[in-house]
Amino acid sequence: MTALRAFGTFEIGRLLRSWKFLAITVGFPVIFYLLFLRDRPAGEVVDGAAPWREYLMVAMCSFGALVAGLTGGGGRLSMERASGWARQLRVTPLPPWAYLAVKVVASLVVVLPVIGLLEVLGATFGGVQLGVGTWFGLAGLLLVTTLPFAVLGVLVGSVVSPEAAFPVVTGLMFVLGYFGGLFGPVAQMPGVLQGVARALPNYHQVSLGLGIVGGGGLGAANWLILLGYTVALGGLVLWRHRADEARATT
Amino acid sequence: MALSLVGAEAERRPAGDPDGWQDPDGWQDTAPPHPPGEDRAGPALRFDGVCHAYGDHTALDHLDLEVGAGETLALLGPNGAGKSTTIGVLLGLVHPRSGHVEVLGTSPRQAVAAGRVGAMLQSGSGSGLPPGVKVGQALRLVCRLYPRPAPFDVIVERAGIGSLLRRRTDRLSGGEAQRVRFAMAIAGDPELVFLDEPTSAMDVASRRWFWEMIRDLGRRGRTTVFATHHLAEADEVADRVVVLNHGRVIADGPGATLKAAVESRRLRFVVDHVDQAVLERLEGVTEVTVCGTTVALDSLDADATLRALVHAGVGFRDLEVTGAGLEQAFVALTGCGRRAAQR
Chain A
13 MTALRAFGTF EIGRLLRSWK FLAITVGFPV IFYLLFLRDR PAGEVVDGAA
63 PWREYLMVAM CSFGALVAGL TGGGGRLSME RASGWARQLR VTPLPPWAYL
113 AVKVVASLVV VLPVIGLLEV LGATFGGVQL GVGTWFGLAG LLLVTTLPFA
163 VLGVLVGSVV SPEAAFPVVT GLMFVLGYFG GLFGPVAQMP GVLQGVARAL
213 PNYHQVSLGL GIVGGGGLGA ANWLILLGYT VALGGLVLWR HRADEARATT
Chain B
6 MALSLVGAEA ERRPAGDPDG WQDPDGWQDT APPHPPGEDR AGPALRFDGV
56 CHAYGDHTAL DHLDLEVGAG ETLALLGPNG AGKSTTIGVL LGLVHPRSGH
106 VEVLGTSPRQ AVAAGRVGAM LQSGSGSGLP PGVKVGQALR LVCRLYPRPA
156 PFDVIVERAG IGSLLRRRTD RLSGGEAQRV RFAMAIAGDP ELVFLDEPTS
206 AMDVASRRWF WEMIRDLGRR GRTTVFATHH LAEADEVADR VVVLNHGRVI
256 ADGPGATLKA AVESRRLRFV VDHVDQAVLE RLEGVTEVTV CGTTVALDSL
306 DADATLRALV HAGVGFRDLE VTGAGLEQAF VALTGCGRRA AQR
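Protein chains in written order, with the working numbering: chain A, 13 to 262; chain B, 6 to 348.
Rather than coming from a laboratory, the hints here were simulated on the basis of the structure.
It is possible that some hints are incorrect.
Label-pair distances were calculated between CB atoms; the ranges are [stated by the list, open to error]:
id, chain 1, residue 1, chain 2, residue 2, range
1, A, Ile24, B, Arg171, 50 to 58 angstroms
2, A, Ile24, B, Asp221, 35 to 43 angstroms
3, A, Ala35, B, Glu71, 53 to 61 angstroms
4, B, Gly226, A, Leu236, 54 to 62 angstroms
5, B, Ala210, A, Glu175, 47 to 55 angstroms
Facing chain A, from chain B, some residues (calculated, C-beta under 8 angstroms) [to be verified]:
id, residue
6, Pro135
7, Ile166
8, Ser168
Where a beta carbon is used, it is the ideal one built from N, C-alpha and C, also for glycine.
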């Protein structure tokens, strides 16, 4: 356990000191939020019962989850495998699962400032008015539902080379974000694309978030689909690492 | 995983606080920390008929090997001989297809998890270090991963990296990164240290310094296994040299013995009339190479060959006697070994 704690502290400290990384993870969603905010009247109902101002805040938080997971896990993990550091850790008493677990937790920690900042911007510039409990509830919900994206990042980092990491990460970020309904409400998409969106995790994270904001309650199906993604992606990560071990290089 | 030391040893060395040690020289550690109940002099590691293959390529072919506690062993062999695979198996990174492996009386995985093993792996093109942090931070982390780390200052001094601690890990030269990785290998004060081609990126001076580091581990009672493809390095540093080729042990003995067995000299001279048949019959000669008027004789006994040369009345001049190249010695060694294996 001391090894786990030491590595967790090291890893999270390293992420929080890496201003380039933070600038990307925090900067992207915040800039998009400010850019899109005036696109439509704040009160226009865009998705179910949710007005634009609330939809956009939640959607950009979800985008932040995607960015934090993919760049935190994906890019960095891939680099660490290539540099030999991941292998060096394998010959220390740090359990192999702890390395992956810490990577996932680190992505969750990094998404917190994104959610916090967007909520503050939503409340000040965005005209979103919520009770104190709802603000915290929304932050907590968005944090928990970032889990599948953190696991996705670890999977990408475990599979791709550092050269491929950048295109794969950016590609996934925009494909999942766009088709998951983060840059335009799913309700206003053509029928086929709506089906695609409902199969992707971001749509369900946004739905849960809007459920809290609008007081409409949380859909069990949304939870189940996010859980399914987490389990499936986690299974792929474990499978990948088993395979890695079996054919370790000469 | 909770393997703790008993008695005074444990009190002297608080776990997880490598910084509390201000006086490196005051830290005596001549005895390797044996966990309770394992004082009996069992081997530090044992291979029993271990086989491994990558696809069709055989990496280990019924490898048998036993290394005693406190031994310094060199694994010598050309690239692809199975050195890295052997070390990978000993660290639990590679699961052999068959055979039995024991490290410090337990499985490789458990020995690593208990922090009783340290390793410096080949890092390929990378530095083997975490990107974007300072050397000191990375080393402190590695110390904290072990239950009984050596004092931080002692590690830094031994690895000679005091001036690198504030440097970022991505701004190190190849040789500097090797030193840092060596520091990481000894950070947990392990009983058993594996070094996979530790001097590959080093210049001559660093290499000599590094040999001294390995000898120092031996003096402090640590079992050390290092892979190399330099006979001189193996001979210089190890108590015992095991030569691997095609995944098998083809020679095993003290470095000096091995070297003597392959000690070969080359006599080169100029002669006007060459009678190759005469030269080939000279005592000790294994090979004759004639190039114009220049003759090169490879001999297992240069003194006897020279006497025979004079005795035979060969009118040679410009005589030059050199040791055969190490590579040549190695070829001879692996050649002998293959014949021995076939017998």
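Verification of the hints:
1. A:Ile24 / B:Arg171: 50 to 58 angstroms: violated (22 angstroms)
2. A:Ile24 / B:Asp221: 35 to 43 angstroms: holds (36 angstroms)
3. A:Ala35 / B:Glu71: 53 to 61 angstroms: holds (56 angstroms)
4. B:Gly226 / A:Leu236: 54 to 62 angstroms: Roughly 58 angstroms apart at Cβ, these two residues keep to the hinted range, so it holds.
5. B:Ala210 / A:Glu175: 47 to 55 angstroms: violated (35 angstroms)
6. Pro135: Nearest chain A Cβ about 5 angstroms off; hint holds.
7. Ile166: Violated. Min distance 16 angstroms.
8. Ser168: Violated, because the Cβ-Cβ distance from Ser168 of chain B to chain A comes to roughly 22 angstroms (cut-off 8 angstroms).
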